[in-house]
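Based on these hints, arrange chain B on the given structure of chain A.
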Amino acid sequence: MFIYQKRLQYPIRIANPNPALAKFIISQYGGPNGELGASMRYLSQRFAMPSDEIKGILTDIGTEELGHLEMVGTIIHQLTRNLTPEEIKAKGFDTYFVDHTVGVFPQAASGEPWNAISIGVSGDVIADLTEDMAAEQKARATYDNILRLSDDPDVNNVIRFLREREVVHFQRFGEALNKATEKMNQANVYFMNPAFPGR
Amino acid sequence: MAECDNTLENCGYKSGVLPRCAPLATTYVPVQGDPEPRYEPEKALARGTLFPGLDLPLGNIVNQDTADVPMAELMAIDFAAHDLSLYLDTHPDDSEAFAVYKDLLALAEEGMQRYVKRYGPICKTDLVNARSYCWLRGPWPWEMTATREA
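Protein chains in written order, with this note's numbering: chain A, 1 to 199; chain B, 1 to 150.
For reference, chain A alone in the conformation it holds in the complex:
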């Protein structure tokens, strides 16, 4: 089960509201490479996994991703506070505002709502862990793009933290996959899927 801690993993204090930034940063809330997908991907993949080590790393990183979801939501919230209708129109936030006001909705920057099709749960140890490594790279690349587009130091400080977490998670998933394949048939690691050993 989960218990809420009334705090963020990393401090967020954004001095200047700016809905133009919120418009694209929301992609890391509910976009294809975002934190909602990350947490759902890892926490869902756990159930079929055959080893305690993989169950552990998916649980721990999946849980951290829930904290990152809250952090990205916090960035959106702080960037969209105290806005006037004039600012909303001038910064191009009107197309979001009309449906969601300043609520935080899981969607991509394009407006596409979050979709589970952006995550993979194959039930196959090698396929899932390889997907997870790719997912960390896609999220890292998206944070890179946010850093290219944003010039707000309060925002970028937090984005750099989140981006670095993707690098660390990539390393850990890679180590977990190394360990998993070491336990498999070394002449043919695809001989069977240890998550469904009946062949």
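No lab work stands behind these hints: they were computed from the structure.
Mixed in with the good hints, there may be bad ones.
Stated by the list, open to error - Away from chain B, derived, C-beta distances all over 12 Å, residues of chain A:
hint : residue
1    : 8
2    : 32
3    : 47
4    : 63
5    : 85
6    : 100
7    : 111
8    : 115
9    : 123
Claimed, not checked - Pulled a few chain A residues facing chain B out of the computed Cβ check, cut under 8 Å:
hint : residue
10   : 9
11   : 14
12   : 16
13   : 57
14   : 60
15   : 160
16   : 163
17   : 181
Unchecked claim - In the DSS-like style, the derived pairs of lysine-lysine whose C-alpha atoms are separated by at most 30 Å in a straight line are:
hint : chain 1 : residue 1 : chain 2 : residue 2
18   : A       : 6         : B       : 117
19   : A       : 138       : B       : 14
20   : B       : 43        : A       : 138
21   : A       : 6         : B       : 124
22   : A       : 89        : A       : 23
23   : A       : 179       : B       : 14
24   : A       : 179       : B       : 102
25   : B       : 102       : A       : 55
26   : A       : 6         : B       : 43
27   : A       : 183       : B       : 14
28   : A       : 6         : A       : 89
Every residue, glycine too, gets a C-beta built ideally from N, C-alpha and C.
For chain B alone, kept in the frame of chain A given last:
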């Protein structure tokens, strides 16, 4: 672990060649050999990792510090412990790292109790010694206020 210069030329890490019998069509991520060196917790939080070897920023632009909030110290210790725990997930037999982890957990526990006493509950279980049901009292973590407590 060998000391490496910036170009990694003296590391010799590329010199290994797989023998013919080694499995192909599988990934090989370099395994982190050892949890040293480590950043201090405050720097780890600012950088987003406890480990200098994994600190790989875009364009070498790095955070010098984090926003100054009352919880910053606790966040830093808790983060250092968390990042070390992910290392332990893939290195569960590293007893030295586990000893460091336990020290960090003890520090985090102390810091947590100090914070709760001063600012209020972090978890609902912290209400065990509270005089009233103060769980609802803001600010909540996402709220930006001039005198932010969380």
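| request: Decide, holds or violated, for the assertion that all CB atoms of chain B are farther than 12 Å from the CB of residue 115 of chain A. | output: holds, 25 Å
| request: Decide, holds or violated, for the assertion that all CB atoms of chain B are farther than 12 Å from the CB of residue 85 of chain A. | output: holds, 21 Å
| said: Holds or violated: the hint that residue 163 of chain A contacts chain B, with Cβ atoms closer than 8 Å. | reply: holds, 7 Å
| query | At a threshold of 8 Å, is the proposed contact between residue 16 of chain A and chain B supported by beta-carbon distances? | reply | Nearest chain B Cβ about 11 Å off; hint violated.
| query | Hint check: is the beta carbon of residue 57 of chain A less than 8 Å from a beta carbon of chain B? | reply | holds, 5 Å
| request: Sort out whether residue 89 of chain A lies within 30 Å of residue 6 of chain A, counting only the CA atoms. | output: violated, 34 Å
| message | So if I understand the rule, the pair passes when the alpha-carbon distance is 30 Å or less; does residue 89 of chain A with residue 23 of chain A pass? | response | The given pair, whose Cα atoms are some 12 Å apart, holds under the 30 Å limit.
| task | Just double-check residue 63 of chain A for me: nearest Cβ-Cβ distance to chain B has to come out over 12 Å. | result | Label violated. Min Cβ-Cβ 10 Å, cutoff 12 Å.
| request: Compare the distance between the alpha carbons of residue 179 of chain A and residue 14 of chain B with 30 Å, and conclude whether the hinted pair is satisfied. | output: holds, 21 Å
| Per-residue hint verdict: residue 160 of chain A, partner chain B, C-beta under 8 Å | holds, 5 Å
| said: Check whether the Cα positions of residue 6 of chain A and residue 117 of chain B lie no farther apart than 30 Å. | reply: holds, 14 Å
| said: Run the distance test for residue 179 of chain A versus residue 102 of chain B: straight-line Cα separation, threshold 30 Å. | reply: With a Cα-Cα distance of about 25 Å, the restraint between residue 179 of chain A and residue 102 of chain B holds, given a limit of 30 Å.
This entry does not satisfy hints 1, 4, 12, 28, going by the numbered hints stated previously.
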